[in-house]
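Novice: Below are the chains, spelled out letter by letter.
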Amino acid sequence: MKVIVYVSPKATVLDPQGAAVEHAMKSLGHESARNVRIGKTVTFEMEGEDTEAFREALNKLCDGLLSNPIIEDFRYEIEE
Amino acid sequence: MRVAIIQFPGSNCDWDAWHAVHDVIGLPAERIWHKSELPSEVEAVIVPGGFSFGDYLRCGAIARFSPIMAGLHRFAENGGPVLGICNGFQILCEAGLLPGALIRNSGLEFRCLTQCLEPVDSTEFFNKAKLGERIYLPIAHGEGNYRLEANALAELEANNQVLLRYAGDPTEGFPYGNPNGSVNDIAGVRNLAGNVFGMMPHPERVVAPYHPCLDGIGVLKAFFAPLLDAQPVGLAG
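Just so you know, the protein sequences line up as chains V and Z, in that order.
The first sequence begins at -15 in my numbering and counts up one residue at a time.
The second sequence begins at 1322 in my numbering and counts up one residue at a time.
None of these hints come from the bench; they were simulated from the model.
Values in this document were obtained by computation on a predicted structure and should not be read as measured data.
Check before you lean on any hint, since a few could be wrong.
To give an idea of the chain Z side of the interface with chain V (calculated C-beta under 10 Å), a few residues [unchecked claim]:
#, residue
1, Pro1420
2, Asn1426
3, Gly1428
Output of the computed footprint for chain V on chain Z, the stretches with three or more beta carbons under 8 Å from beta carbons of chain V [stated by the list, open to error]:
#, segment
4, 1377 to 1383
5, 1466 to 1477
Just a sample of chain V residues kept apart from chain Z, beta carbon distances all over 12 Å, derived [unchecked claim]:
#, residue
6, Thr(-4)
7, Leu12
8, Glu15
9, Gly32
10, Glu56
Don't be surprised by glycine CBs; every beta carbon is placed ideally from N, CA and C.
With the hints as extra help, turn the sequences into a complete structure.
Specialist: Pasting the structure below:
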């Protein structure tokens, strides 16, 4: 299975990078740009089927290593 | 050895911490590789600064899963004193041994300067009476912006878990306070039990006459107080 994990800063957490990029976007004339948030994408391949157990293991991986639940949210997509 | 200083790939304040503890404070210390077991005779642990595992993913996120960490968790749960400095603070937060998380500095800049700090009355040993109203410690970090959700932050404050706050001291030539956007100007915290400390400033870098000041000695002594009081310190062993 191919897994794509998207990690983003929590809505309540300040994102200094996003704020700097938003500023740049505005200075380029995109004045309506709002709420720029910068996250990261982690892609990998893993053996298994898309089962509940597989997703449980994936949740654990995302919550422990790939994202920090205090400051980040995650979601993922699984491809065959 | 009484004090273990954990070395991860990318740690770079390990020798400074060793010098400060071993030579200045006078507690026998050794550097321990992160793939080792934590030696059973150890009485205190320092997780030093640096860029463990290149700060990849998040600062401290990978070090948190190093083999030595299971032993460190047990040590901390049994009341063993643990001090995380800079990257060590980030590692202890990632490991859940300290509350909160450290993100990119609000100004996006790596801040490297001597910082004025206000010690907080936090423990019997770590307080203004022991350390003074203002102390000066070097900081050097890009991700020192301390974050904690509002309720947890209120709890942290109510329990006196803040150790140090960034402060200004205009009369001494330190006009700037908070260098990184941390909530409540927090520069260092402890766990509720009071045995795990974490701070972004580097006390180990101001302990010798050739350093800008000696304020690191008081901070390290406040952390090591339980060991220093326990018995007279022998020679290096």
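Novice: Look at each hint and say if it fits the structure.
Specialist: For each hint, the structure was consulted:
no.: 1; hint: Pro1420; result: 8 Å, holds
no.: 2; hint: Asn1426; result: 7 Å, holds
no.: 3; hint: Gly1428; result: 7 Å, holds
no.: 4; hint: 1377 to 1383; result: holds (count 4)
no.: 5; hint: 1466 to 1477; result: holds (count 4)
no.: 6; hint: Thr(-4); result: 7 Å, violated
no.: 7; hint: Leu12; result: 18 Å, holds
no.: 8; hint: Glu15; result: 22 Å, holds
no.: 9; hint: Gly32; result: 21 Å, holds
no.: 10; hint: Glu56; result: 8 Å, violated
When the structure is compared with the earlier hints, violations turn up for hints 6, 10 and for no others.
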